[in-house]
Amino acid sequence: MLKNGKVNTVKIQVYFVCQEVVGDMKDGIYEVAEGSTIRDLFSVCEKENNIFIKDEYRRWLVFLADGKQAQWDTVLHKVNTVHIIRAAVGG
Amino acid sequence: MFGYVGKLLFVDLTNRTFEVRDLDEKTAKDYVGGLSLGAKILYDEMPAKTPVFAPESMIGFVTGVANGAGPFMGGRYTVVSKSPVTGGFNDASSGGTFGPLMKRAGYDAVFFKGISEKPVYVFIDDGKVEFREATHLWGKTTIELEKAIKEELGDPKVGIASIGPGGENLSNMAAIMNDEHRAAGRGGSGAVMGSKKLKALVVRGNHRVQAHDKDAVVALNKEVAEWHKGPVAPVYEMFTNHGTGGAYDSSIINGDTSVKNWLGTANDLTEEQIKKPTSQEQDKLFKIKKYSCHACPVGCGAIYSVKDGKWPIEETGRPEYETDAMFGSMVLNGDVYAINQCNFLCNEYGLDTISVGATVAWLMECYNNGIFTKEEIDGVDLTWGNADAIVAMTEKICKGEGIGKILQAGSVAAAKHFNKGFEALVHASGIEIPQHDPRWSPGLARTYQYDPTPGRHVKGGLSIHYGHQPPEVRYDYTNTGERDVNGVVYTEALYAAGFCTMSDFGLPPEIHIKFLTAVTGFEYTPEEARNLGIRSYTIRHAFNLREGLRRKDFTISDRIIGVPPLKEGPTAGVTVDAKMIADNFFKELGWNLEDAVPTKESLERVGGLENVIKDLYANA
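Here the protein sequences come in this chain order: A and B.
At position 74 of the first sequence the residue is numbered 74 (my numbering), and the sequence of numbers has no breaks.
At position 23 of the second sequence the residue is numbered 23 (my numbering), and the sequence of numbers has no breaks.
Next comes chain B alone, as it looks inside the complex:
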């Protein structure tokens, strides 16, 4: 097959055995790769209702077919597992170089089950699988670990996806890190790795995948380059120079970015607090060089060096927009040194900056409202905006020290532990919410609540951009279904192919399907392309259904849908009719509204979902 290695690796860590299987062409065409192929394999291979940390629980690293096959912006791989946070399906993707390097090592996907007796890392060297002791590496932070493994193998160019102490401690917020600063951050997949005593997956090799039509890939890449010079030039310029944090200030002002744990507006921040964390300003202080993920002409990454202030850091990744906002506007902080230190700590310890920042914000609101005393939170004065306290609490979480040990489980688990602070929680099905506000772009309410991987701004739907529609359009909830499903169709295929989240502006519309055909040789009619996206969404959702989750089990906090509405700011008075948006969505898919179970007819129409039909309707 073109674009694919054609091999899947299944590793049993308990017995230290492995099995190589071929990837068949039908599965490849139907599910492509990334989150979609990952969900398909997880659905077929992992028994229903497996406890997340049980030996039978699986975790998979799945490349996108674009990885290493030539398309620009096609370098992302996806991690799939059950989520320890939501109890449902989890996928999290990451850029850098790891995905393409995994294919070079000889596999399209690597799945793990079992639990190693001792800490281990698995080294795939040009197809060969080696289990290597990692007891001496257990406890190392991610960057220390990468250095140690590269030294041990005598190769500075190996690809490494690893966990830090966060994953070892089974934190619900544990990320999987690669290329030092890149994270498959959300949903706690790092904890699943930790539960298996799997410290890292290390890859290298010389296998090169071939595109079906290399000339077509080159021509499409040229089209992308022209696109960047054309209608998206200003956005391209912002991303290539300043990364995702370049829109921090404007996003606060227009109401997209949350302030003060979703209670506030730009009016709660000083002009300086809004401006300083914006990447354009941070770059002036800290930027030493930029970097790109594999085959990306945008290059939104940068390396910072913080040479002065209370928390000097020799080298660290530039904080992403989400991180700036979580440790900035969410906690009324404008101290960029504190933001960088929090980002650095989370990356080092392998924790998701979104969930850590949101957990600090939750505790901060509780503390400021007298729900927690200073003594109860280890003497840290979490007054809104106290930069020292924000760093101190983040450090406690990262290291699992004092109250940090409880907070490592995330805000929802912490509220349950202490049996208080529930009123300040902001989450979707247990996971903290990222920094795009449904009161500003209402479709995010459906995406956050009902995506099979809840609480993600990068998932498909009406999208963030819907927030730019005039109020009479975006706050008219009567007719959103078709556009919502179209957004899902687009995004699912994009990620299945391994394209970057930023491709939604970085690639011309629908070019991802042309890339898919150029790389694989698979032709997709418009109907097949649509079914590809719906199938991907459905198989992820089916995983949740098989776990027993139904519509009522997917929740979202009232606060972020405007219950009660904000009293000031650009979204003052807005209450999102989240139920109607979701009804429209399920109706458009042909699913039952009551429980969000797809009808048999809707599954048959999409095709490639025979196992799901069997599980849902065999006894009907």
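Isolated chain A (complex conformation):
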């Protein structure tokens, strides 16, 4: 948090590779508070796209933060890019 009470924010490029789960959520730059988690980022994406994903469907999403495996609770520290992708299911 800054001295004036405002929250420092960071901009993160998000790519969705999971249309079956997130529908028409758009790739783009999303802004979140510093210290946010993937979960926080995903909430921002939901709000901005006005698309809200059922809890039971969230297990089909996995994440890469700057190319490294990440989880819902991973803190986005100095992360530029997040890929939100569908879970692998075989085949």
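Please note that a few of the clues may not be correct.
Straight line, CA to CA, 20 Å or less: simulated DMTMM-like cross-link-like pairs of lysine to aspartate or glutamate [claimed, not checked]: (1) B:275 with A:24; (2) B:284 with A:20; (3) B:276 with A:20; (4) A:47 with A:34; (5) A:68 with B:271; (6) B:276 with A:55; (7) A:26 with B:281; (8) B:229 with A:66; (9) B:275 with A:20; (10) B:290 with A:34; (11) A:68 with B:268; (12) A:68 with B:472; (13) B:229 with A:56; (14) A:54 with B:237; (15) B:229 with A:20; (16) B:287 with A:55; (17) B:7 with B:126; (18) B:276 with A:27; (19) B:579 with B:595; (20) B:310 with B:283; (21) B:147 with B:125; (22) B:614 with B:595; (23) A:6 with A:34; (24) B:310 with B:381; (25) B:405 with B:378; (26) A:11 with A:73; (27) B:113 with B:19; (28) B:275 with A:27; (29) A:26 with B:272; (30) A:78 with B:568; (31) B:49 with B:615; (32) A:26 with B:271; (33) B:567 with A:66; (34) B:284 with A:24; (35) A:54 with B:226; (36) B:600 with B:583.
Keep in mind that the hints were calculated from the coordinates and are not lab data.
For this one, chain A is given, so just place chain B on it according to the hints.
Frame of chain A; chain B shown alone:
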């Protein structure tokens, strides 16, 4: 017995004789069907250490008890034989309609031995067995063959499991094809059929199996339908609309799909190369209709028509995920026309797309590293990503032309033939590895290396899904045994019953045992259900033990377990402790760690393995 025809057919192709035997209830309950019953029969009937192409060598087509008995997603049959690739047990399953049609023809399983003097196909017409000359059909591709047989019999609805020229040429990569686009693809069972001069098994009939409790089957099917609308809805949607290739792009990005013969990462591919082969994109170009296997509400199949480009195809099956990856990311190719042509050629000639694609990738790495010159590979410029060259080499393999004649034996045999390129081989006990990466989901290392049918992503264990565990879980190798064995227990019973591989998301957990009881009337306590899975795994493994194979004989290439580790990408730095995972697994089963031989006590605990105990411990 409910769910079963209750009849097994044993055919001797040398003498053109056959014998019908009853399937007894104890064997049915203990081994159910599919790979499990197939392994049991092969173990009991085929002499140990029979050379794979000898007359005494057997090949069996075994239905699952769910086939034709009502359960959703229960339409798969299994082919069992010795593998010409690994020298051990082989099972390969396929969907479509053939399994249920075989039961309609009057048999739960059909086994062949002997060698026909001339090419032959066996026609089972409502229980009657007929040997029909196939000299005029020898050399035909699988789709030509299906058309010809249907015309000859005047029946467009017969079920046909056949080989193409790949099987006739005894290729280690030869598949058995049915329903034009469906393949029991892996391990070279098509070559065993070819060695017997058996071009096809053709079935039709009116026998209908009855489920013990039809109402229960209907209720369970409703549960499955609700499941598809519920927690798995997004995955269901992907599979029903786009099939297995719908996750191609995401699987490359997250590190599950191999790139550049297992040396690369998504960074080696352009955005377009990652996106275009994904089924969602291919469907826009080529899809003309979807289709389903027997009793499957998912329907992950589709028919494509490639109307333009260098390789137009009137009709072909949509490439599966594995095929997309083998002819795509593995060879740094994003040309979907090339991928479809390779898929089409493999299906037509009856070859396994996984092994063919991996063999092309092996040769490509060798060529790019100067191990082979252009002249040595028939003038084909196998530069990474050269779509024309990928198609040209695939065609050579399929047709057995030029270097393709050597490559038809697979990458390991080809390296031995040329006595070079060993460093670029990626395999498990001689068979090429499918497209799920143990560096991403480490349990696959044990599955690939030690499953009695090595190198299969569809076999049980910690599973592909384990790759979604947080790194601190999945890369902690200390405590994997119980979960690994549980995965095996689940998968073995699933396949024994004839359910689809996709049932692991498509069916609610443990419903397959309820289906089994509803269909057969056999009750399974939790302990019996567990023993059913372990027994199935054990009888397959016992086949290998009797061939003289021990733990040391099951190998896996260093590259895919991260030796050395990748330097970039989501799995950078990962080296899988494959030995510890395997130790944990064998320990959990109660087997000797040194040679992977089950202890007598562990076999007695499971039950139904008396012949195995006799073979392993009679002289002890």
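Checklist entry - Are residue 275 of chain B and residue 24 of chain A close enough, with their CA atoms no more than 20 Å apart? => result With a Cα-Cα distance of about 17 Å, the restraint between residue 275 of chain B and residue 24 of chain A holds, given a limit of 20 Å.
Next on the checklist: Check the hint pairing residue 26 of chain A with residue 281 of chain B against an upper bound of 20 Å on the C-alpha distance.
Outcome noted: 18 Å, holds
Next on the checklist: What's the verdict on residue 287 of chain B and residue 55 of chain A, does the C-alpha distance respect the 20 Å limit or exceed it?
Outcome noted: Between residue 287 of chain B and residue 55 of chain A the Cα gap is close to 33 Å, so the pair fails against 20 Å, i.e. violated.
Checklist entry - Taking only the CA atoms, is the gap from residue 147 of chain B to residue 125 of chain B under or equal to 20 Å? => result 18 Å, holds
Next on the checklist: What's the verdict on residue 68 of chain A and residue 268 of chain B, does the C-alpha distance respect the 20 Å limit or exceed it?
Outcome noted: 16 Å, holds
Checklist entry - When you check the alpha-carbon spacing of residue 275 of chain B and residue 20 of chain A, does it fall within 20 Å? => result 15 Å, holds
Checklist entry - Do the alpha carbons of residue 276 of chain B and residue 27 of chain A lie within 20 Å of each other, as the hint requires? => result Between residue 276 of chain B and residue 27 of chain A the Cα gap is close to 17 Å, so the pair holds against 20 Å.
Item to check | Restraint status (C-alpha distance of residue 600 of chain B to residue 583 of chain B at most 20 Å) | outcome: 18 Å, holds
Item to check | Holds or violated: residue 229 of chain B to residue 66 of chain A, with C-alpha atoms at most 20 Å apart | outcome: 34 Å, violated
Checklist entry - Is residue 68 of chain A close enough to residue 271 of chain B, meaning Cα to Cα at most 20 Å? => result 18 Å, holds
Item to check | Proposed proximity, residue 378 of chain B with residue 405 of chain B (alpha carbon, max 20 Å) | outcome: Within the cut-off at roughly 12 Å; holds.
Next on the checklist: Run the distance test for residue 275 of chain B versus residue 27 of chain A: straight-line Cα separation, threshold 20 Å.
Outcome noted: 14 Å, holds
Of the hints listed earlier, those the structure fails to meet are numbers 6, 8, 10 and 16, in rising order.
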